[in-house]
Amino acid sequence: MTRARVDAEGTVPPVTVDVEVRQLRLSYGRTVALDDLSLSLPGGRVYGLLGRNGAGKTSLLSVLAGFRRASAGEVLVSGEPVFENSRITRQVCLIRESGDVGDGDDRVKETLDIARHLRPSWDAEYARRLVDRFGVPLDRKVKDLSRGQRSALGIVVGLASRTPLLMFDEAHLGLDAPSREAFQEELIAEVGASPRTVVVSTHLIEEQAPLFEEVLILDRGRLVVQEETDTLLARGTTVTGHAAAVETFTAGMTTLGERRLGRTVEVTVFGDLDDADRVRAGQAGLDLTPMALQDLFIHLTDPDVHRTDPDGGPR
Amino acid sequence: MSRFRHWAVARLLFSTHLPFLVLLWVPVAVLLTAAAGVVAVVGTVNHSVWDIAVPILRWFALGYGAYLTTRMLPLCIAHGRTRREFMIQSSCFVAALTGVLGALLALGYLLEKGVYGLAGWRQQLADERLFDAPDQFWLIALCYWVLLLLWTTVGAFLGAGFTGADEGWGVIALLPAVVLAILASVATGINGLPFVSRLLGESSLGLPIGMLSCLAGYAVGLAITWGLVREIPVRTRTS
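Read top to bottom, the protein sequences are chains A and B.
Reading the first sequence from the start, the letters are residues 383 to 697 in the numbering used here.
Reading the second sequence from the start, the letters are residues 36 to 274 in the numbering used here.
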C-alpha cells in the first residue's frame, strides 16, 4: 500500500511503502544465507533488525534494495518486485557499513553531486546541513576519509536521499558517540516530519533501541522474532529464586536460558505473564525482572542455550 | 517524474566524464608535439608521432570500460538505478564519447599536419591503416570511433566477468575479448597488437565490411556485457 500526501507548500513529501517478503531464500553457492524467510513490514515505522554475525541481516537488506537477486521467493515493495524495477529501486536507499556511496577517488562534494544526479528525491540543502553537522570535509577524497567520516557520509547520503524506504546496515560503525546521537536525532526528526519506512540493522542494540517501533530478530537465516518493541520487552522476564520454586513456576513456559548459583536459579522466560502469574511468583518468593532488549536478543539467538519450547518457539 | 529523470545515468556521465575525458586530449596533444620536437632535436622526424602514439589509447578505453562496470555500475545501483537503466544509458554514452574522441584524434592528425608543415617535417603514416592521409578527417574519426568503441565494450564485459558472481566468466570472456580486439585491428588497420600483424598480414576488410563488422562486434559485445551484468550483485567493499 502506498500513501501519498501533499503538504502545505504543494510538494509531495515521501510516501511510506510497505514491504512484503515471502519464502525468501538466498544462497551463495552452497551457503544458505536466508532460508524460507517471510515477513511483512507495514509502512511508516522504524524497524530494528537484529541478529548475530552471519545471521543474514546484510543479505536481507541487499535483496530488499535490489543489490542482489533472491535465489527463491518474493520481495515486494508497495506490492511490486524490487529487483530491476526502477519504479521501486529509486524509492529505496540502503546505506551499508562500508559507506560505499561514492567512488574512492571522488571527493565528497562529487559524491553528493552523483547522488543529486541519480536520486529524484535528493535534498541538496538538507545534505549540506548534514555535512556541516557531521563534519564531513567536502573537498577530501572519499578514500582519504576516516572510518567515522565515511560512515557519516553514508548517513548524509541516506538521509538526504529522502526515499520512502530507507535502510541502514551498521551505517553508524566508526562514528563517535556524539555523531551517533546526532544520527538518532536526525532520523527521529526526519521520520517525525515525513513518515517513512526505516530499517536499522545494528549491533549497538541498547543504544539504538529507542528508535525502534518494531524489532526483527534473525538467526541463521530465519526470522526468530518480529514484534513491537514494547510488547517484546514485556515478554522477556528473568525469574530468580529457589530452584524448586522456579522450576514449578516456569513449568510449561518457554524458557530461553538458565543460570545457577548454589540453590538459587535464574531462568529467562519468554512469553506473557498475566497478573495471576505475578501474584503466584510473589507468593513463591520469586523475583521477576524485565529483560533489556540486548539480553533478550542474546538469549533468543544463543545456539548453546537449551530452549524449552512448549508452544513451538517465539515468533 | 519527467523523462529527463529517466536518463539520469547518461546525464551524469555526460556532465562529469565527458568533459574530463575530452580535456585529456589537450595534454596528450601537447605532449606528443613536444615529443616530435625532441625527435627533431636528436634526429629526423619522418613519421607521424601522433599516428604512432594514439593507438595506445585503446588500452585506456579498455580500462575505462572496466571502470564503468566495476565502479560506476555498483554506484548507480546503490543510488537506486537498475542494471538495465545503466546498461542502456552507459552504452549510448560510450557510443557518443568514443565518437567525440574519434573526432578529436582525427583533429590531432590535422593539427599535426599543420605543425609538421611549418617545421618542414615528414608526416608519414603507418602503411596498414585504412586511411592513408592526415586530412581524411571523417575516415580517421570513424576508424578511431569503432576501435575505441569495441575496446571500451571489451573492457566492460571483462570487468563484469571478473567481478561478478562467478569469476570464471571472466576467463571465458577472454575469448570474445581477443576476437573483438583483433576484429577492430583488422577492420581499421590500427594494429599494434603483438602477433596480430604476423597472423593476419596486411589484410583489410575494406571500409563498408570493416565498419559493419565492427558494429556487429559492438552488438555482440553489448550482449555479452548485458549477460554478465543483468544479475550482477553489489558487494560490500571492505577497504
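Honestly, the hints are just simulated from the structure, not real lab data.
Incorrect hints may have been included.
A partial selection of chain B residues facing chain A, derived with a Cβ cut-off under 7 Å [what the hints assert, rightly or not]:
1. L47
2. G115
3. E163
Yeah, the Cβ is synthetic: ideal placement off N, Cα and C, and Gly gets one too.
Structure versus earlier hints, numbers of those that do not hold, lowest first: 3
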